[in-house]
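Let the sequences and hints guide you as you build the complete structure.
As given, the protein sequences belong to chains R and U, one line each in that order.
Going by this note's numbering, the residue at position 143 of the first sequence is 1161; the numbering climbs one at a time, nothing skipped.
Going by this note's numbering, the residue at position 37 of the second sequence is 148; the numbering climbs one at a time, nothing skipped.
Don't take every hint at face value.
[Said to hold, decoys possible] Using 20 Å as the maximum straight-line C-alpha spacing, the simulated EDC-like pairs for lysine to aspartate or glutamate come out as follows:
id, chain 1, residue 1, chain 2, residue 2
1, U, K399, U, D164
2, U, K137, U, D429
3, U, K305, R, D1078
4, U, K201, U, D429
5, U, K471, U, D325
6, U, K369, R, D1078
7, U, K323, R, D1281
8, U, K453, U, D386
9, U, K305, R, D1053
10, U, K305, R, D1293
11, R, K1259, R, E1127
12, U, K369, R, E1144
13, U, K301, R, D1293
14, U, K185, R, E1240
15, U, K169, U, D157
16, R, K1323, R, D1053
17, U, K483, U, D384
18, U, K195, U, D181
19, U, K185, R, E1127
20, U, K301, U, D164
21, U, K349, R, E1144
22, U, K399, U, D496
23, U, K369, R, D1290
24, U, K400, U, E160
25, U, K301, R, D1139
26, U, K305, R, E1240
27, U, K453, U, D429
28, U, K137, U, D157
29, U, K301, R, D1281
30, U, K369, U, D384
31, U, K349, R, D1151
32, U, K323, R, D1151
Calculated directly from the structure, the hints in this document are not laboratory data.
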Amino acid sequence: MNWILLLEQTLNGFQFGILLFLLAAGLTLIFGIMDLINLAHGSLYMMGAYFAATFTSWTDSFLLGALLAVPASMIFGMLVEMIALRTLYTRNHLDQVLATFGLILFFNEFVRLIWGPIGLDIPLPEVLNGSVDLFFGIRYPAFRLVIIAVGILVAFLLYLLVSRTKLGMLIRAGASNRQMVSALGVNINFLYTLVFGLGAALAGLAGLMAGPIMTVEIGMGEGILIITLVVIVIGGVGSIKGAFVAALLVGLIDTVGRSFLPDILGLFFSNDVADTAAPAISSMLIYLLMALILAIRPQGLFPPKGA
Amino acid sequence: MKFRLLGALSLGAMLITQVAVAETVKIGFVTTLTGGAGAIGNDMRDAVELALDHLGRKMGNSDVQMFYEDDTFKPAVGKQKTEKLVKKDKVHFVTGYIWSHVLMASRNSAVGKGPFMITSNAGPGPVAGKLCHEDFFSASWQNDQTTMAMGEVLNQLGIKNLYIMAPNYAAGKGMVAGVTRTFKGNIVGKDMTKFPAQLDFSAELAKIRAAKPDAVFVFYPGKHGMQFFKQYSQAGLKGSIPLYSAFTVDSLSLPRMKDLAEDSLMTMFWAPDLDNAVNKRFVADYRKKTGRYPTFYAAQSYDTIMLINSAVTAVGGDLSNKDGMRDAMRKANFPSVRGAFKYGNNHFPIQNFYLRKAVKDVDGNYTTSIVKTVYTNHQDPYAKDCKMSW
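Listed below in structure tokens is the structure:
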């Protein structure tokens, strides 16, 4: 086993986990507080990336583009909540799944109309486009380090927001007992819009950070949404702490599994078998983890109190 | 006066019978028109329309009707669309097919059910070997061939240790089999990634860095290629480990990859600057029509229509004469953008393969240019498994 490689893969897993966390934090709040199944969360991720690509080309600066894209995603999310989702709160989950699935199709066509069928690129400034030397002779892409740093910062701010502010108190109360919160005279409509906007801003942030690594394109949020759903199931629906731990866990297992499974299988089976089985098994690992968690701890790793 | 009337009447009668005999040639074209890969299907459709323009929208005296279908990059949808073309539209030719897994899923819905099936891109091993069929033709290549040529190039360059990466699906496996078959050095690492879901290659790039190979070879068609090149550069590997590819750098991805791919080497059966009259006209008119350089997908689609035209004109528009059309297509007697070639017993072309390089043209546009010929009249390794002979 090559320790430097293991360390580098851990960083890679961390970076993927951070992206997942940004998506999962919003989704789990919307799930937990608003009791809304929002399949269109991946579309908000896509919109964030498209906003960033557009603003970056307008301002010629990735930093400015990114700084503008986050509030744009938030406003966009709040508009979506007020126009489309508000009517769904009293409906059952199946109706919500259908309606938000419809929203995915709508947003995909919307993006095609405005930005065209061919994807966009977000050019990075020269400083971020290369790789830097870290400790122990590890070279690591600079932008992926930025993703990790931003993610950790956002997680910390989110922790402060949820545990130290009045809004956070309401969010926590909403996740534990929604009826009681509204019975106590809190403007629940406003809280919902705000929470949804917060989730959209986080999803948009994830999208704009994924954009420069991958391309910005129609439907980019659909694949990652499925993994995000896995994350919030593992972490416990409604729990930000759970989302954080589960996202890092899923990111690490997926990346490290992808990297080392062929070698591990190669120890026990012939090369041919290992070559064929490894990609298949490594793409199943996170679902196996979810199945395991569901079997021994169906409420997830860190369910919110009172839920 | 009487004679003139008689003449006019008989001319009218002739025209009417002409109309009655010349049945419209119906061609189904299954490709990807939406999503990230939609640009490829769009390119193919532009080439088909250009070919029809060059033919005056007619094949012999017959009108042509095209049925474009979107497989949405999914084998199940491709099969469904193929079935619709064969059963409902009753097309005479089912063509298109970018993706090997879509082609494999669709094959049984077309082959032996009436129409000819002509692949305009995908060339998985089975349809060239054991599953070869008298009603199946390729207007492209067999998957392994292009990468076999790459293996040969790597030998010539003196590469000893090679790292291979490809997506884990029918074509990816064929491409890897091809390069492994001819490359004589050591393969120090190989990763088959989940397709099309995996777009982030961080884990694999870390492994490449740790393995320290002399060169990396990848097959990543469509958007995956662009992302791979981008991430390869961000990881600081560009410039330290040379990267070779097949079907990854093309006229669609190059304008967006720009200097990420400049000077990168790949093998292919064709290039925009391949020197023959048919290709010159094709490339010039295609650029005039679309403002882009054609991709190899476009070149093959153009050839597909010309191949069909050669069959339809050979039988004078009598589309019930399948044997006649088959014999005509086997001769490969049509103006191909790749120059003259022959068909092997399995209906796959026996053709040249070239080494080509990503360059800038005189106007600063990114394109690819031929460096040298790697294989002359190369036949795919599956032809011997095909029982068909003619």
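Verification of the hints:
no. : hint              : in the structure
1   : U:K399 x U:D164   : holds (13 Å)
2   : U:K137 x U:D429   : holds (13 Å)
3   : U:K305 x R:D1078  : violated (35 Å)
4   : U:K201 x U:D429   : holds (15 Å)
5   : U:K471 x U:D325   : violated (26 Å)
6   : U:K369 x R:D1078  : holds (18 Å)
7   : U:K323 x R:D1281  : holds (17 Å)
8   : U:K453 x U:D386   : holds (18 Å)
9   : U:K305 x R:D1053  : violated (33 Å)
10  : U:K305 x R:D1293  : holds (12 Å)
11  : R:K1259 x R:E1127 : violated (35 Å)
12  : U:K369 x R:E1144  : holds (15 Å)
13  : U:K301 x R:D1293  : holds (8 Å)
14  : U:K185 x R:E1240  : holds (15 Å)
15  : U:K169 x U:D157   : holds (17 Å)
16  : R:K1323 x R:D1053 : holds (16 Å)
17  : U:K483 x U:D384   : holds (12 Å)
18  : U:K195 x U:D181   : holds (12 Å)
19  : U:K185 x R:E1127  : holds (19 Å)
20  : U:K301 x U:D164   : violated (45 Å)
21  : U:K349 x R:E1144  : holds (15 Å)
22  : U:K399 x U:D496   : violated (43 Å)
23  : U:K369 x R:D1290  : violated (37 Å)
24  : U:K400 x U:E160   : holds (10 Å)
25  : U:K301 x R:D1139  : violated (28 Å)
26  : U:K305 x R:E1240  : holds (15 Å)
27  : U:K453 x U:D429   : violated (24 Å)
28  : U:K137 x U:D157   : holds (18 Å)
29  : U:K301 x R:D1281  : holds (11 Å)
30  : U:K369 x U:D384   : holds (19 Å)
31  : U:K349 x R:D1151  : holds (16 Å)
32  : U:K323 x R:D1151  : holds (17 Å)
Going through the hint list in order, the structure does not satisfy hints 3, 5, 9, 11, 20, 22, 23, 25, 27.
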